[in-house]
Amino acid sequence: MLSIGDVAVYGNHGLCKVADTLVPSFLPKGSEKMYYQMISAIDRGGVLYVPMDGAEDKMREVISAETASDLIEGLDDMNFTDLPVGKKAEIVISDICKKNEAEDVLGLIKTLYHIKAVRAAEGKKFASMDEKYLGIAEKLFYSEIAYALDMEFEEVREKITGILANLPLEADK
518 MLSIGDVAVY GNHGLCKVAD TLVPSFLPKG SEKMYYQMIS AIDRGGVLYV
568 PMDGAEDKMR EVISAETASD LIEGLDDMNF TDLPVGKKAE IVISDICKKN
618 EAEDVLGLIK TLYHIKAVRA AEGKKFASMD EKYLGIAEKL FYSEIAYALD
668 MEFEEVREKI TGILANLPLE ADK
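Counted the way the working numbering counts, the sequence shown spans residues 518 to 690.
What the hints contain is simulated information worked out from the structure, not anything from laboratory work.
Be aware that one or more of the hints could be misleading.
[What the hints assert, rightly or not] List of simulated lysine-lysine pairs, PhoX-like, C-alpha gap at most 20 Å:
hint, residue 1, residue 2
1, Lys-575, Lys-604
2, Lys-575, Lys-550
3, Lys-604, Lys-615
4, Lys-616, Lys-605
[As the list claims (entries may be wrong)] Restraint ranges, calculated between C-beta atoms of paired labels, are given here:
hint, residue 1, residue 2, range
5, Glu-549, Ser-586, 39 to 47 Å
6, Glu-671, Ser-542, 19 to 27 Å
7, Ala-536, Lys-616, 33 to 41 Å
8, Ala-582, Asp-621, 40 to 48 Å
It should be emphasised that the depicted structure is a prediction, and the values quoted were computed from it without experimental measurement.
Virtual Cβ for every residue (Gly too), placed ideally from N, Cα, C.
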């Protein structure tokens, strides 16, 4: 059970802070179901209402500073995410974002950055669907890492994109 002020990762909503525990006014009269009122770190001003019953199945603790550092330091050696070709890739990418496990999301970011760099080198455009999910994955991952390492979101973005920019294009996917 979370307390007011606690921070957790709530599925594909990402990093959230518990602002209150309450019975929301939008529930029918007589309902006594308790909810967490959570403030999203990704969607500025975004407020989520999460039923306390079963919330532990949809939330996880924020990764530790040590794990965050290890993920960043191991980015060069991290495997690419195995993505199917074409529209089937969206299912895999969407699933990774929904589960929002830090290591898997970072692997997806690395993979999408590689695809983007290879396509740019070939004079081709990066698919809009890939661009959309890259943005989602970056928001999810960078906000959690920023919190874990007590850094600013942009600092994390610059650090990781700097590493990714220096990876060879011919890397084995």
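Flag every earlier hint the structure violates by its number, smallest first. Violated hints (numbers, rising): 1, 6, 7, 8; every other hint is consistent with the structure.
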